[in-house]
Amino acid sequence: MGNKMFTRRDFMRTTGVITAMTAMGGMPAELLADVDWRRLVKFPEKTDMIMLTSRPPLLETPFHYFKELITPNDAVFVRWHLSQISTSVDLNEWRLKVGGNTEKELQLSMDDLKTKFEKVTYTAVIQCSGNGRSFFEPRVAGGQWKNGAMGNVTWSGARLKDILNAAGIKAGSIDVTFDGLDEPPLPTVPDFVKSLDMDRALEDDIIVAYEMNGRFLPMLNGFPSRLIVPGWYADYWVKSLSTITVLTKPFEGYWEKGAYRIPDDPCACVPPGSEQKKTVPIRRLNTRSFIVEPSDGTALRANKPVIVMGIAFSGGYGIRDVIISTDKGRTWNETMLGKDLGKYAWIQWSYSWLPKKPGKYMLMVRATNRIGESQPFEPLWSPSGFMRNNIEKIEVTVR
Amino acid sequence: MKNLFLIAVCIALVMSIGFVYAENQRGSRPNKNDVHSIQIPVIPIELKPGPGQDKASPFCNICHSLDYITMQPPFLRATWTAEVNKMIKVMGAPINEDDAKTIINYLVANYGTGQ
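Protein chains in written order, with numbering that gives the first Met the number 0: chain D, 0 to 398; chain U, 0 to 114.
Here chain D stands alone, though its shape is the one from the complex:
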C-alpha cells in the first residue's frame, strides 16, 4: 500500500513539473525528449534529475543544462557503484588517510587539505565512460544513459603530488590506489577502488578536490572530497575519497582489472555484437561535440536566422575547431568558438543559420581537438558501451 502511494505521488510530482513548465510558455522539446520512460526525481542537494536508478543512485542531467558554460552543482550527474554510499560526514572526524609505501602515514583533516597545500583551480569536463550508452546498437547492459552523464565544472583542491610528497614516496613505488567511503553491500562484492600508476599520479593537474564551482561538493557528488583526473573518464574520479595507498606492486583490484576495460585497439572498438578479447583500462576522453539548441525536432521559420549552439570537448587537448553541416554532411561551415576555459573544459560553439527553403534539415556537428583527434560518422561499438563519440545529428523542420 505504502509503495503504491509513493509511486502515485511521485508520478504526480513529475507530471506536475511538466504541467507547470507547459503553463509557463511551453515545455522545452529537449526536456520532453529526455523524460520519456524516465522520471524526474529530486534527490538531496540535487535539482530534478532524470532517475535511472535509486540504490545506488544513477541520476542524469537533463540536457537543457548544457546551454550553460558551467554545469551547476545541483545538476551534475550522479553515478555510484556500491549501494552503501556515504550519507553523513562529520568533518571533525573525517580524515584523508595517506599511507602504504611512504615515509610516514598522514591523517589529513579538511583544514589540513585547505591550509597545508597550495589551492589549485581549473575547469574540467567530468564524463561517465558510458555516457550515451543507451544509443548503441546492438544495445548493451549497463547504466542506460542518454547524453546527460557529463558536465563542465570548476574544481578546486590540493595537488595529489603535493599530498604524496608530504607523505614521502619510498623507492619501489609502482601504483597508487584510491578508496572512498562507499562500501559493498556484501563482503563478497569487490570494494570500489581505482588506481593510477606512480608517474601519472605525480602529474601536476591531478587534485583532491574539496570544491565544485566554489562551493563544497554535494554529498551525492562525493562530499567532502574526490579525486579529479582531468582528461580521463570519471571512473577514476573516486568520490568521498578517504584512503590513498602507495603500492610496491601493480594493483589487481576488480574495478581496474575486471571492469572499465576497452578493446585494445586504437578505435577502442570491435565489430558490433562481438566480444572483446584483449583489453586495456579505459582512460582518456575522446573528442565530442553536441548540438544543444535548437533541440531535435524543433520547428523553425524559413528566412528567419536561428542561432545554433552547443558544446565541444576533448581529453585534455582543448578544441581546435567545430564545424557544422545543415545538409546531411555534404557541406560544412566553421562555427564560432566561445570563451576558452582551458584544455580540460568544454567550449561553447555557435553558428548563425538562415534556413531559406521549407523542408526537413539534418544538422550535424563535428569537433577536432588540437592534436587532430576528431569524431567518426558512425559509432564505434564495444561490449561495455564505452566512449561513444560519433558525430551527433538532429533533425529540424523549416516552415
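Do not rely on the hints blindly, as some may be mistaken.
[Unchecked claim] DSSO-like cross-link-like pairs, simulated, lysine-lysine; straight-line CA separation at most 30 Å: (1) U:Lys85 - D:Lys256; (2) U:Lys47 - D:Lys41; (3) U:Lys100 - D:Lys276; (4) U:Lys47 - D:Lys145; (5) U:Lys88 - D:Lys276; (6) D:Lys276 - D:Lys145; (7) D:Lys118 - D:Lys96; (8) U:Lys88 - D:Lys277; (9) D:Lys248 - U:Lys88; (10) D:Lys145 - U:Lys85; (11) D:Lys276 - U:Lys85; (12) D:Lys338 - D:Lys118; (13) D:Lys256 - D:Lys160.
Everything labelled a hint here was simulated from the structure, so no lab data went into it.
Let chain D serve as the given structure and place chain U on it in line with the hints.
Just chain U now, kept in the frame of chain D:
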C-alpha cells in the same frame, strides 16, 4: 532622530541576519563543526508479476534497487545469463543454481527479447 538611528540599526541587523541565513541556505560555506548529512529517498520498484518474480525481486534487491533491471532494454537469454552469472561469480550474490535458473528464466520471459 534617535528613533531613526534605532530603526536603521534594526534594519541593518535584520539584513545581516537575512544575509547569513541566505548564505547558509545556499550552502556556500559548510560550517566545519557541522555534520553534513543527507537522506536518500527510498523509491520502491516492482518487477512484472510472473513465475520467478518471487526469487528475482528479493535476491536482486539485496545489492541494488530493481530499476537496475527495469532500465535495461530487452536482452537475449545469453545476455541475461551472463548478467546473473556475473552477480553470482564476481559479486558473490548468495544464489544457488536452481534459483539462478529460475531468475534467468524470469528475466528472459519478462525483460528479454523472447530469444
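Broken hints, by number: none
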